[in-house]
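Asker: Whole structure, please, built from the sequences with the hints as guidance.
Those sequence lines, one after another, are chains A and B.
The numbering used here puts the last residue of the first sequence at 241; the count rises by one with no breaks.
The numbering used here puts the last residue of the second sequence at 230; the count rises by one with no breaks.
Rather than coming from a laboratory, the hints here were simulated on the basis of the structure.
Values in this document were obtained by computation on a predicted structure and should not be read as measured data.
Among the clues, some could well be false.
[As the list claims (entries may be wrong)] Restricting the straight-line Cα-Cα distance to at most 30 Å, the calculated cross-link-like pairs of lysine-lysine (DSBU-like) are: (1) B:K115 to A:K9; (2) A:K105 to B:K85; (3) B:K107 to A:K64; (4) B:K115 to A:K64; (5) A:K169 to A:K33.
Chain by chain, the residues run as shown.
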Amino acid sequence: MEHIELFFKAIFIDNMVFATFLGMCSYLAVSKKVATAVGLGAAVIFVLAVTVPLNWLLDQYILKEGALAWLGAEYAVFDLSFLSFIMFIATIATMVQLVEIVVEKFSPALYNSLGIFLPLIAVNCAILGGSLFMQSREIPSLGMALNYGISSGIGWFLAILAIAAIREKIRYSSVPAPLRGLGITFILTGLMAIGFMSFGGMLTGDDEGNKKEELEQAIQLEENNDVLDTTSEIESTALNQ
Amino acid sequence: MAEVAEQEKIVKAPKEPLFSKKNRKLITDPLTDNNPITIQVLGICSALAITAELKASIVMTISVLFVLGVGNVVISLMRNIIPSKIRIIVQLVVVATLVIIVDLVLKAFAYELSKTLSVFVGLIITNCIIMGRFEAFALANSPWKSFLDGIGNAAGYGAILIIVGFFRELLGSGTLLGFKMLGDPIDKTGLYALGYENNGFMLLSPMALIVVGLIIWVQRSRNLALIEEE
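Answerer: Below, the structure written as structure tokens:
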């Protein structure tokens, strides 16, 4: 259940482009045609799906506070999280290089159509951002990390597909000359982000169920405490007598 | 004797003064005509997400100034010994180290602010301006010029961040750097007595995009050479 919740949350509510503006540079540069946008979006999904779980493993077993406990109990005091930036970017650069080699071998057509953008994905803020948000939101398991990687990628893909489609259509509209190209894209993205904010109410149904459970648990605890208080009172009065 | 005279004739070109016109241009160009955000379309990600407060914008500007200035100098000093095949990795390592320093300094001296900036300090690593200037300038120019170029581009980036942060904080919460500028919204003094309300929408992220779009509109209306072709 939490998998499905994380999936939809990462695509619509915490959308990489509209909520946190990650990957904007390539988003603005590649969105002139739908065909190239689809290619780049697919590449981003693939790289995120590979790097986020890998970085989760790195964080869990090497970088977190107390993560090195598997080496020996005396290593559990080390907190290497300050190395996160360098380690994450190193895995991302390596994985992108590997992906490039694999794509070139198995699908030269795709490799040629992506051109320079495949190596540029390594420095796309969306990829590093995916790993950093995975770390700061403390994703609990490897499966959830894979889920988060794929769904963040799909969110980014959705965003770049939408803006490319709109940009193709407004080529025939009378946009004021100073706004042509970059300016109108910024304003359009802002309007789309406002639209995506409406998804914020999507998951409150489940939250209400959780809140009810929490309330019942709290009431239960209160009653237990009252029972304990009264029994201790009876004991103390009995002792005094 | 004649050979000595000939050797003396091979005069070295006069050293360019530190702040010559060309060097000054390296700083002033990115502030207007070659602005990294609005013209070169680099460094947008972090520019939009953290500008809800003017203080965050100023701190981010100082961080990028440090990373880009020092990074440009380091890469420029190493430019003749970096093999071409691994230059991206070398650049990433230099940037990542500088950003780790910035992050630790922020956590030590401005903890609240580091929480607001959260992952975006780390995202300075992938800030396209830094890698872009390393590739375009530092790998081919001397350290002093690279330093000026770095400072100039960071200043151009900072100018946009500060303008956006200024409007978003002023219109969104009526304060600047935490000081109430338009009166007190709860006690209804100042402008609020006339019925003015804070535009809460300005504090949300989409408005940053629209404000930058408007800045581009103003910039290109003033300099018609920047307008894109059909």
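Asker: Next step is simple, just say for each hint if it's right about the structure.
Answerer: Each hint tested on the structure:
1. B:K115 to A:K9: holds, 22 Å
2. A:K105 to B:K85: Status holds; Cα separation ~20 Å.
3. B:K107 to A:K64: Between B:K107 and A:K64 the Cα gap is close to 17 Å, so the pair holds against 30 Å.
4. B:K115 to A:K64: Given pair B:K115, A:K64 holds - Cα atoms ~18 Å apart, limit 30 Å.
5. A:K169 to A:K33: Judged against 30 Å, a Cα distance of about 10 Å means the pair holds.
Going through the hint list in order, the structure satisfies each hint without exception.
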